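Input sequences plus hints: build the corresponding full structure.
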Amino acid sequence: MVDQIVECIPNFSEARKPEVVESIVEAITSEPGVVLLDRHSDEDHNRTVLTFVGSPSSVEEAAFRGIQKAAALIDMNQHSGEHPRLGATDVVPLVPISGVTMQECVDMAHRLGQRVGEELGIPVYFYEEAATRPDRKNLEDIRRGEYEGLKKEMGADPDRVPDCGPTEVGSAGATVIGAREPLIAFNVFLTTNDLAIAKKIARAVRHSSGGFRYVKALGMLVDDIAQVSMNLTNYRKTPVATVVEFIRREAERYGVGIRYCELVGLIPQGALVDAAQWYLQLDLFKSEQILEQRIFSALQEVAERKASDDRIASAFMDEVAAGTPTPGGGSAAAHTAALAAALVAMVARLTVGKEKYASVEQQMRECINRAEQLRASLIEAVKQDAVAFEAVMEAYRYPQATTEQKEVRAKAIEQALKQAAEVPLQVGQQTVEVMELALATVSQGNVNAITDAGTAANLAEAVLESVELNVRVNVDSMKSEKDAEMFEFELRRLKSRAEKLMAQIRSVLVERGGLSFS
Numbered sequence: 074m075v076d077q078i079v080e081c082i083p084n085f086s087e088a089r090k091p092e093v094v095e096s097i098v099e100a101i102t103s104e105p106g107v108v109l110l111d112r113h114s115d116e117d118h119n120r121t122v123l124t125f126v127g128s129p130s131s132v133e134e135a136a137f138r139g140i141q142k143a144a145a146l147i148d149m150n151q152h153s154g155e156h157p158r159l160g161a162t163d164v165v166p167l168v169p170i171s172g173v174t175m176q177e178c179v180d181m182a183h184r185l186g187q188r189v190g191e192e193l194g195i196p197v198y199f200y201e202e203a204a205t206r207p208d209r210k211n212l213e214d215i216r217r218g219e220y221e222g223l224k225k226e227m228g229a230d231p232d233r234v235p236d237c238g239p240t241e242v243g244s245a246g247a248t249v250i251g252a253r254e255p256l257i258a259f260n261v262f263l264t265t266n267d268l269a270i271a272k273k274i275a276r277a278v279r280h281s282s283g284g285f286r287y288v289k290a291l292g293m294l295v296d297d298i299a300q301v302s303m304n305l306t307n308y309r310k311t312p313v314a315t316v317v318e319f320i321r322r323e324a325e326r327y328g329v330g331i332r333y334c335e336l337v338g339l340i341p342q343g344a345l346v347d348a349a350q351w352y353l354q355l356d357l358f359k360s361e362q363i364l365e366q367r368i369f370s371a372l373q374e375v376a377e378r379k380a381s382d383d384r385i386a387s388a389f390m391d392e393v394a395a396g397t398p399t400p401g402g403g404s405a406a407a408h409t410a411a412l413a414a415a416l417v418a419m420v421a422r423l424t425v426g427k428e429k430y431a432s433v434e435q436q437m438r439e440c441i442n443r444a445e446q447l448r449a450s451l452i453e454a455v456k457q458d459a460v461a462f463e464a465v466m467e468a469y470r471y472p473q474a475t476t477e478q479k480e481v482r483a484k485a486i487e488q489a490l491k492q493a494a495e496v497p498l499q500v501g502q503q504t505v506e507v508m509e510l511a512l513a514t515v516s517q518g519n520v521n522a523i524t525d526a527g528t529a530a531n532l533a534e535a536v537l538e539s540v541e542l543n544v545r546v547n548v549d550s551m552k553s554e555k556d557a558e559m560f561e562f563e564l565r566r567l568k569s570r571a572e573k574l575m576a577q578i579r580s581v582l583v584e585r586g587g588l589s590f591s
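Each residue of the sequence shown is one higher than the one before, starting from 74 at the first, in the numbering used here.
Hints listed in this document are in silico derivations from the structure and should not be mistaken for laboratory results.
Predicted model only: the values in this text are computed from it and were never measured.
Heads up, the beta-carbon is just placed ideally off N, CA and C, and yes, glycines get one too.
Any given hint might turn out to be false.
[As the list claims (entries may be wrong)] Listed below are the simulated SDA-like cross-link pairs for lysine to any residue, each with C-alpha atoms no more than 20 Å apart in a straight line:
(1) Lys573 x Ser589
(2) Lys310 x Gln354
(3) Lys429 x Val520
(4) Lys429 x Lys573
(5) Lys224 x Gly194
(6) Lys359 x Glu377
(7) Lys479 x Glu467
(8) Lys491 x Val481
(9) Lys552 x Leu567
(10) Lys224 x Ser153
(11) Lys273 x Val329
(12) Lys272 x Glu318
(13) Lys272 x Arg321
(14) Lys552 x Lys429
[What the hints assert, rightly or not] Label pairs and their computed distance ranges (CB to CB):
(15) Ser103 x Phe319: 39 to 49 Å
(16) Glu477 x Ser580: 55 to 65 Å
(17) Asp76 x Val375: 18 to 28 Å
(18) Ile363 x Pro398: 45 to 55 Å
(19) Glu192 x Arg378: 39 to 49 Å
Shown next as structure tokens:
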């Protein structure tokens, strides 16, 4: 799993030559660790938008390779299209997705821009969060006059001096690089070919001319259809549905309507959920009601729990090997018993759902439930055993200078020893339950997995030997004969039950599994 994810959405000034677009895509995806999520080419705009993600370093390198390839294959002197543009690679936004801050994306943009300017000889401007001056924050301000205007003004107008790179424009034009929040590129096609209507609606909807905050819009003609082309820079504060409905009402003023809408690239799920909630008037709707969202969350929890269990298991081994008094044999026994319970649950799960074992499915489901309960309790006993042992050590450190102190110390020691014996004894009791479940799965479970249930029983048998050691070491130091006798009685009972269970398990392994024991 990638801990840090950055999204990059470069816009290239080419859509009419598929071989050129393909070469750019190959250059980007040649960087290991980069995943191309989407590609959108519009021949009227003569523009291709690619979306890819990866770690910060891989995205930075892939973006450079894409810019380099575009510069070699696209001549802006020969380019024409509906969409405003400055260069072969017109704009390169970087978006923090996971484990990456906006400032880190700003730093990426500045490094990338410096490299593009120095190594490729392309003028670079920084925009949005990466802007180095206020008048360059908005992309449309930098792109005003487009490639042709920039060629005339570069070198003559001090305001056109780039942030990086040469002060003259070549055939690759200039590139604008920045860092920003997720943006939605959204086009609304009208039921008219009157470009003037599209321009009037765009003027009404865009923020710079008095419209909605976080909306940038242009009116243009695409396939002989009037289009309102928009960038929505903050869908949370200006929802897509709100903008579309405004355009619908504005269009009605001119006697036209919306023919259809077009999404360019990708859109955050939240934006679609907001639109659905608005249109369907689901005022009490919660995102948890989305089936896919619930499934993803459940699977994510399972994956995280497994990863946590793996980390805990690894850390536990390190702690045992560290040479400290705890965790010791009692904790190791509890951990092993939990592993035995996990094996039993595994065999039961391999049985459930199989037509051959339909008659025992309910019993296997009950085995799974109880095995998981035991596993959780035994994992908790790993910590409880260490705590109990430390309590014994602490009691032995009590002061004993006076008679009263000696009495307090003796009482504390006796209580701590009893607790230190009760924890492994409880582990023993639960381990015998695991053996009973092992017998059930050996006897009724999937025959292809009964040796796993047998392994669980063998582990449990070893645990009981360890339990006896850990109980006796505490019982032998107790003063209370009554408590000592109680522990001895329970140990004998558990050992007797375990011996009978093991005999039955081995018998079934011979009968069902065809195994032999020396």
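*asked:* Does the beta carbon distance between isoleucine 363 and proline 398 stay inside 45 to 55 Å, or does it fall outside?
replied: holds (51 Å)
*Quickly compare the C-alpha distance for lysine 273 and valine 329 to 20 Å and report which way the hint goes.*
holds (13 Å)
*Per the hint of 39 to 49 Å, is the separation of the Cβ atoms of serine 103 and phenylalanine 319 within bounds?*
holds (43 Å)
*Under the criterion that the straight-line Cα-Cα distance not exceed 20 Å, is the pair lysine 272, arginine 321 satisfied?*
holds (14 Å)
_lysine 479 and glutamate 467 were given as a pair; does the straight-line alpha-carbon distance stay at or below 20 Å?_
holds (14 Å)
*Take the C-alpha atoms of lysine 429 and lysine 573, compute the straight-line distance between them, and say whether it is at most 20 Å.*
This hinted pair is violated, its Cα atoms lying about 29 Å apart.
_For lysine 491 and valine 481, compute the direct alpha-carbon distance and say whether it is at most 20 Å._
holds (16 Å)
*Given the hint that lysine 272 pairs with glutamate 318, does the C-alpha gap stay at or below 20 Å?*
Between lysine 272 and glutamate 318 the Cα gap is close to 17 Å, so the pair holds against 20 Å.
*Given a hinted range of 55 to 65 Å, is it respected by the beta-carbon distance of glutamate 477 and serine 580?*
Hint holds: Cβ distance 60 Å, inside 55 to 65 Å.
*Taking 18 to 28 Å as the hint, is the beta-carbon distance of aspartate 76 and valine 375 inside that range?*
Roughly 19 Å apart at Cβ, these two residues keep to the hinted range, so it holds.
_Range hint compliance [Cβ, glutamate 192 to arginine 378, 39 to 49 Å]_ = holds (47 Å)
*asked:* Next pair to validate is lysine 552 with leucine 567; report whether the Cα-Cα distance is within 20 Å.
replied: violated (23 Å)
Hint check: violations occur at hints 4, 6, 9, 14; the rest are consistent with the structure.
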